[in-house]
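Q: Let's have the full structure, built from the sequences with the hints guiding it.
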Amino acid sequence: GAVVSQHPSWVICKSGTSVKIECRSLDFQATTMFWYRQFPKQSLMLMATSNEGSKATYEQGVEKDKFLINHASLTLSTLTVTSAHPEDSSFYICSARPTGGLATNEKLFFGSGTQLSVL
Amino acid sequence: SQQGEEDPQALSIQEGENATMNCSYKTSINNLQWYRQNSGRGLVHLILIRSNEREKHSGRLRVTLDTSKKSSSLLITASRAADTASYFCATDGGSNYKLTFGKGTLLTVNP
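So the sequence lines, in the order shown, correspond to chains A and B.
Position one of the first sequence corresponds to residue 1 (this note's numbering), numbered consecutively onward.
Position one of the second sequence corresponds to residue 1001 (this note's numbering), numbered consecutively onward.
I should point out that these hints are in silico values taken from the structure, not numbers from a laboratory.
Ideal Cβ positions, reconstructed from N, Cα and C, are used throughout, including at glycine.
Please note: incorrect hints may appear among the correct ones.
[As the list claims (entries may be wrong)] Quick list of the computed label-pair ranges, beta carbon to beta carbon:
#: 1; chain 1: B; residue 1: 1081; chain 2: A; residue 2: 39; range: 24 to 30 angstroms
#: 2; chain 1: A; residue 1: 18; chain 2: B; residue 2: 1016; range: 45 to 51 angstroms
#: 3; chain 1: B; residue 1: 1050; chain 2: A; residue 2: 99; range: 17 to 23 angstroms
[Said to hold, decoys possible] Covered by chain B, according to a simulated footprint, are these stretches of chain A (three or more residues, beta-carbon under 8 angstroms):
#: 4; segment: 38-51
#: 5; segment: 89-95
#: 6; segment: 109-117
A: Shown next as structure tokens:
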């Protein structure tokens, strides 16, 4: 099946620093990728939709200057948490939608997530 | 507003028993999907049911969809300890394939 690689799987950083998380589709192309945030024992909250070659679309309440998204190629999207603070500590997950026919692109393929801890 | 509310929030059963999880949603959908998440990991797609389908099977999984009641159920038969995970329903309203996830059901299968 399709594989999405998310890196790093966990990161600890000091308050005020920036952290970059990568999401790669390894064996398929993805015009669209999604970034989610998940708190313990909670559901996934969609943060933004990342579109290759264009600006990301952010959900209401998500600061675009805080969470920078770049989708420079059909296989890579990055999320940068800028000037991280302890309240940004969370589990971040990406997903990718394969570019192709309807039967292949309705379901999403997820990365394994990144646990961010800001001290 | 939150789409996809699962119940129960947590379910604990013995190995070999069946597990049923329910999901309700509020708006019209193109399809409804079920995903599984092991603790601290990403989600794995289990099954997709389209709005014009009523029932679908995949291995030990059975999904039903009642669009008149805006609800779906996921049945896992003959459960195994390895089925222990959180299960989420997700609705696709047709907007750029953006999925809205429910709160999930934590299933624990005791050996």
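Q: Give a verdict on every hint.
A: Hints, one by one, checked against the model:
For residue 1081/B and residue 39/A, the Cβ-Cβ distance of about 27 angstroms falls inside the hinted range of 24 to 30 angstroms, so the restraint holds. The supplied range of 45 to 51 angstroms is met by residue 18/A and residue 1016/B, whose beta-carbon atoms lie about 50 angstroms from each other. For the hinted restraint 17 to 23 angstroms between residue 1050/B and residue 99/A, the CB-CB distance of approximately 20 angstroms keeps it satisfied. Only when three residues or more bring their CB closer than 8 angstroms to a CB of chain B does the claim for the segment 38-51 of chain A stand; here the count is 6, and the claim holds.
Counting residues of the segment 89-95 of chain A whose C-beta lies closer than 8 angstroms to any C-beta of chain B gives 3; at least three are required, and the coverage claim holds. Three residues within the 8 angstroms Cβ limit are the bar, and the segment 109-117 of chain A against chain B gives 6, so the coverage statement holds.
Of the numbered hints given earlier, the model fails none.
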